[in-house]
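A.B. asks: The listed protein sequences derive, respectively, from chains A and D.
Everything in the first sequence is counted per this note's numbering, starting at 2 for the first residue and increasing by one.
Everything in the second sequence is counted per this note's numbering, starting at 2 for the first residue and increasing by one.
Keep in mind that the hints were calculated from the coordinates and are not lab data.
All values derive from a computational prediction rather than experimental measurement.
Honestly, I wouldn't trust all of these hints.
Which copy? The list can't say, so a pair holds if one copy fits it or any two copies do.
Claimed, not checked - Calculated pairs, DSSO-like style, for lysine-lysine (alpha carbon to alpha carbon, straight line, at most 30 angstroms): (1) 190 with 630; (2) 194 with 630; (3) 299 with 190; (4) 88 with 384; (5) 22 with 190; (6) 194 with 299; (7) 88 with 299; (8) 384 with 22; (9) 67 with 630.
Protein chains: 2
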Amino acid sequence: MPDGTPETTRDALVIFTPSGKRGRFAVGTPVLTAARQLGVDLDSVCGGRGICSKCQITPGYGEFPKHGLTVAADALSEWNAVEDRYKRIRGLIEGRRLGCQARILRDVVIDVPPESQVHRQVIRKSAAQRDIAMDPATRTFYVEVAEPDMHEPSGDLQRLRDALRQQWQIDGVEIDLPLLRHLQPVLRKGDWKVTVAVHREHRGPPRITGLWPGFFEGRICGLAIDLGSTTIAAHLCDLADGAVLASSGLMNPQIRFGEDLMSRVSYAMMNPGGAAEMTRAVREAIDSLARSIADEAKVDPRHILEVTFVMNPVMHHLLLGIDPVELGQAPFALATGESLSLAAADLGLVSIGEAARVYVLPLIAGHVGADCAAVALSEEPDKSDDLVLIVDVGTNAEILLGNRSRVLACSSPTGPAFEGAQISSGQRAAPGAIERVEIDPVTKEPRFRVIGCDLWSTDPGFAAATAATGVTGICGSGIIEVIAEMRLAGLLDAGGLIGSAEQTGSPRCIPEGRTHAYLLHDGSADNGPVITVTQGDIRAIQLAKSALYAGARLLMDEMGADRVDRVVLAGAFGAHISPRHALVLGMIPDVPLDRVFSAGNAAGTGARIALLNVASRAAIEAGVRRIHKVETAIEPRFQEHFVAANAIPHATDPFPNLRALVTLPEVSFNVRPGPDSEGGGRRRRRG
Amino acid sequence: MPDGTPETTRDALVIFTPSGKRGRFAVGTPVLTAARQLGVDLDSVCGGRGICSKCQITPGYGEFPKHGLTVAADALSEWNAVEDRYKRIRGLIEGRRLGCQARILRDVVIDVPPESQVHRQVIRKSAAQRDIAMDPATRTFYVEVAEPDMHEPSGDLQRLRDALRQQWQIDGVEIDLPLLRHLQPVLRKGDWKVTVAVHREHRGPPRITGLWPGFFEGRICGLAIDLGSTTIAAHLCDLADGAVLASSGLMNPQIRFGEDLMSRVSYAMMNPGGAAEMTRAVREAIDSLARSIADEAKVDPRHILEVTFVMNPVMHHLLLGIDPVELGQAPFALATGESLSLAAADLGLVSIGEAARVYVLPLIAGHVGADCAAVALSEEPDKSDDLVLIVDVGTNAEILLGNRSRVLACSSPTGPAFEGAQISSGQRAAPGAIERVEIDPVTKEPRFRVIGCDLWSTDPGFAAATAATGVTGICGSGIIEVIAEMRLAGLLDAGGLIGSAEQTGSPRCIPEGRTHAYLLHDGSADNGPVITVTQGDIRAIQLAKSALYAGARLLMDEMGADRVDRVVLAGAFGAHISPRHALVLGMIPDVPLDRVFSAGNAAGTGARIALLNVASRAAIEAGVRRIHKVETAIEPRFQEHFVAANAIPHATDPFPNLRALVTLPEVSFNVRPGPDSEGGGRRRRRG
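If we strip away everything but chain A, and leave its shape as in the complex, we get (with noise of 0.2 angstroms):
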């Protein structure tokens, strides 16, 4: 502003809502300009040419008393042709303008509306869940290139280079050759106006990821993965406004090698080449699924352009091609536990964006990987006032415990039984599994709920509306749900013992060699199956929810704490278990049925955190290198949990929330099993 005269002519007040920022400027300037200096959250893809339509805005008029302004109604520029163009062809929403042809005549509130600002906030559905903002790695640019001059020779590349310094102040972006070898074609299809993709990470050099002739009117998008070792779980988001277009899982290929992570171990230290055929498995996979999601999104696999990734360490070294081996033994070394950042040709990843870039978040420990970590990112231990437990059950469970103060992080080998193998009516959660049960504690008759059917078994209509699936067996939740219940009917005592019929009073308790099953569902009159909970059944939960309940308790003694305020489930399971059943059980500790939370998919949605917000993920680097680890497997304590974890509910701390919820019957069946008749209670039994 020229000094001290006050030429109200010549410039005019600017206020930008939401963000409050304002500033004066000269007579005639964009409203995209003034956005643009101060600093205001507009976007724009075309830079202004009107191309794009990215940077609408709604300009206030009226009384703005809150600011002491009245905005007339000339305050900005007339509708220009540009605009009229625009709102003919695409359509406007009434009362908006294009940022970049409204200009500034008088003094005016400016509003930006949700969907143009490049920081918006993705709003997830739960209550539970916190929103992303968007503040993607890749994003596209319109630009304007020269033309190559004889006079002047300098290639392609350096013009566009010059372009984007120029247009958009990027400096020095890289070109992988794949890219480059479509430079020249593309800039002549466009007549040297193109849209390109710059990658933009928290280190190394810009890169350009993708390149269109002229405006490129299609989505770009980004695949957030959680490789499990049982599952690869997909979510398809566009990366200009952070939706999910599509979710798709897989199953690991790799199970064929093994069903655990220590089965694939062995594999590769069994078999030469193991670890690249499982290596070799997983990327087609992965490739595959790519292209079957975009395919479901109805979106060219070829404009997936960034693929983050969160796995526990195996699967992180088996998809990098290392050989797991030393992730098998004490002292458990990774060959590398930072975050990568690498091109996804060199994952094999053939399908996507030529150019693409993939993202691996840290691992923790040997034992405790990126899935961990994008769950810390995900719920944000380190951020919490109370002290929270945070447990992500898979065929292991990943365990935090944290405050503001202070995150433990250990790993616990809990097997695969809370997914339903291992159990003698186990299966995978699918339509015609049994996935909630009720056993009603005076009659000792069970109703139960399957997958894909909402009616009760004891309802009418049950058999009907289960017809074309069947009751199959029973899921993960199920049989949490299933053993919680028969230990509230007293078909069940502490030390995990099912009682025979005579005992409990049910005929249902039938034997199985020298212990007793409960029938759950005889299905054999339909040729469908017995399903029943065998004395193995109950050792197998056992084994497991000791290890997740040691594994806790640790990281307890190790904070000093003897009480957590808040329970956290992640993961798939922990999205469908009942928390009164996980506290009969004795899996997690002892809290108000109130403070136990389900997080859903943390790990996938650490994943799509890290593929949405680029600063997430120097935050998570920053953050692991903060979590301190803990080694379950030479904890002489965890030894010491787990046994004494081993009764239902455990019976290493006192339990008040669950006494004051239900009653536990003293009940205790004292026929000690035969040494041979578990194994024979694992053996699916049909009619």
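Assemble chain D onto chain A, guided by the hints.
C.D. replies: Coordinates of chain D only, in the frame set by chain A:
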């Protein structure tokens, strides 16, 4: 040194030669430590552990009047067990000590022999060539890595990084996935002691490119590759001392897609996938060349950790997998001309080190390649006091003209005639090819020499000596000589016409259609070829040499010079050409004969300089930006010069130096050849 009190027994003066660096050190300081602190160029791979012996030094004893010093016999600590063991097992030159073992006790003069200097000079064989100062991007470092600790979990890579930072002050090294795969087994095999090769360039992070358990005794190597349209030439160099371990060449397999650059560009334009086909062919050839050259030098090809490339723009684009179509038409736009630093694997070089790096020298313009940049790097016109013209003759001629104040460059389309193509009896340089010719000016009888035999054709025993190969044709340098000799013998007039037998008085001038040919050799009696120089051959060479001269002349115009001080002939052809004959032909501007030099394969030398001296990479990148490019294709004066240069010698400029050297017969054979005769003359005749 403590507060002013002279404590002569506490420290000692050390003077290093040849650097002259000096300093005082506490008694007991190892010589290596003193050298490092003073910045003396004393090599060490093991970091002072007495393993590598790279830090050998020669202490001087007695009087050093120049330094005013008398060195006592006990100036260094006694010969120790490590040195003893080293000498016993590996041998150590008398008088040498290991710098890491010998400790400074009294004032001493220490000589660092050339072999112990990292930055030693590689002495080149010819006096005309400059030495190369060793400063390789890739060096080996021996490190001791901390073992993993379950209580402080960290990846093996993180601990290796820590070791490199602590032991070698190398921070933030990166490692590519293929090498990361080997990290864990190598660390364990070496019992946590490893040798790593680290690549540090003038940009980008340092990278681990090699990894060996324990102390690596072998050589690490680099390949300098001159990728020509016709031949691929490679030098295999030791990256520690710069020695050329082997040199080898291979035909460029792209020849089957087109003899010259433009026919390859056409092939790419006319055949879908044609560019990719040529890319594949040349990459495979280079990979196999790497294997065979390593084999020749008895080096493991996996120990080749770096490759530098120089090449013309079309070869450049095809190697990188970029369609060269834009290089075939104005404005001859490059996809990119800047230097490139790549993973060798990205170019399909799979036989060399898995993490080997490639450096591609910058291009100058669409027609002026990295080969020309390499010539500039080798011949340094920008450091020349006099005005030097550098000509690199291949299928295209790359021409540089300049001095300290300014350097110009252009490319001139000479075509393949200088390489023996398009010549009726032309052939590549190979045993049996005529390379030297003399014609008696009186008898008009020729004598010649062939490659592989030191005798002249008129010497007794010539037939026997060449029986194995025969006389097969004329190579490039031979055709220059025979045409110049024909001109000197009066068989050819200034316009390029061959006289008849009557006009010249030589029965060797035989009719050939409506023109004449000169019979150089009749091998028909032995079933060999009849070798003639036809009117068509003369025309082909006239076109080629006119293009070359016109290019040089254009640069002289641009420089405002009517003469040059010095001519450097580069390239394989330049090495074999006779300066006298080149002057007679009018290929190059008129200079005194002793101001014409051959630089040998200057492009290959440039590739080798870039390989061995990393600072040269930044230098040539900056140098290329300063070179002014002249585009012959759009310069009308090029065409004028081209026409005027047709005469033998050219009719453009006076040639006092040539006139002082030879007498040019004033003959004129005014028989205009018919329109169809030249074509006939191009075909090779056999007896």
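A.B. asks: Evaluate each hint against the coordinates.
C.D. replies: How the hints compare with the structure:
1. Taking the closest pair of Cα atoms, residue 190 and residue 630 come within 30 angstroms of each other only across two copies (28 angstroms); inside a single copy the shortest separation is 55 angstroms, beyond that limit.
2. In this assembly of identical chains, the alpha carbons of residue 194 and residue 630 lie at most 30 angstroms apart only when taken from different copies (27 angstroms versus 52 angstroms within one copy).
3. Taking the closest pair of Cα atoms, residue 299 and residue 190 come within 30 angstroms of each other only inside a single copy of the chain (25 angstroms); across copies the shortest separation is 50 angstroms, beyond that limit.
4. When the C-alpha separation of residue 88 and residue 384 is checked against a cutoff of 30 angstroms, the pair qualifies neither within a copy, at 45 angstroms, nor between copies, at 63 angstroms.
5. Taking the shortest Cα distances, residue 22 and residue 190 never come within 30 angstroms of each other, neither inside one copy (41 angstroms) nor across copies (61 angstroms).
6. In this homomeric assembly, residue 194 and residue 299 come within 30 angstroms of each other (Cα to Cα) only inside a single copy, at 26 angstroms, whereas the closest approach across copies is 53 angstroms.
7. Proximity of residue 88 to residue 299 under the C-alpha cut-off of 30 angstroms is restricted to the intra-copy arrangement: shortest distance 26 angstroms within a copy versus 72 angstroms between copies.
8. Taking identical chains as interchangeable, the C-alpha atoms of residue 384 and residue 22 lie at most 30 angstroms apart only when both belong to the same chain, with a minimum of 28 angstroms there against 57 angstroms between chains.
9. In this assembly of identical chains, residue 67 and residue 630 lie within 30 angstroms of each other by CA distance neither inside one copy nor across copies; the values are 51 angstroms within and 63 angstroms between.
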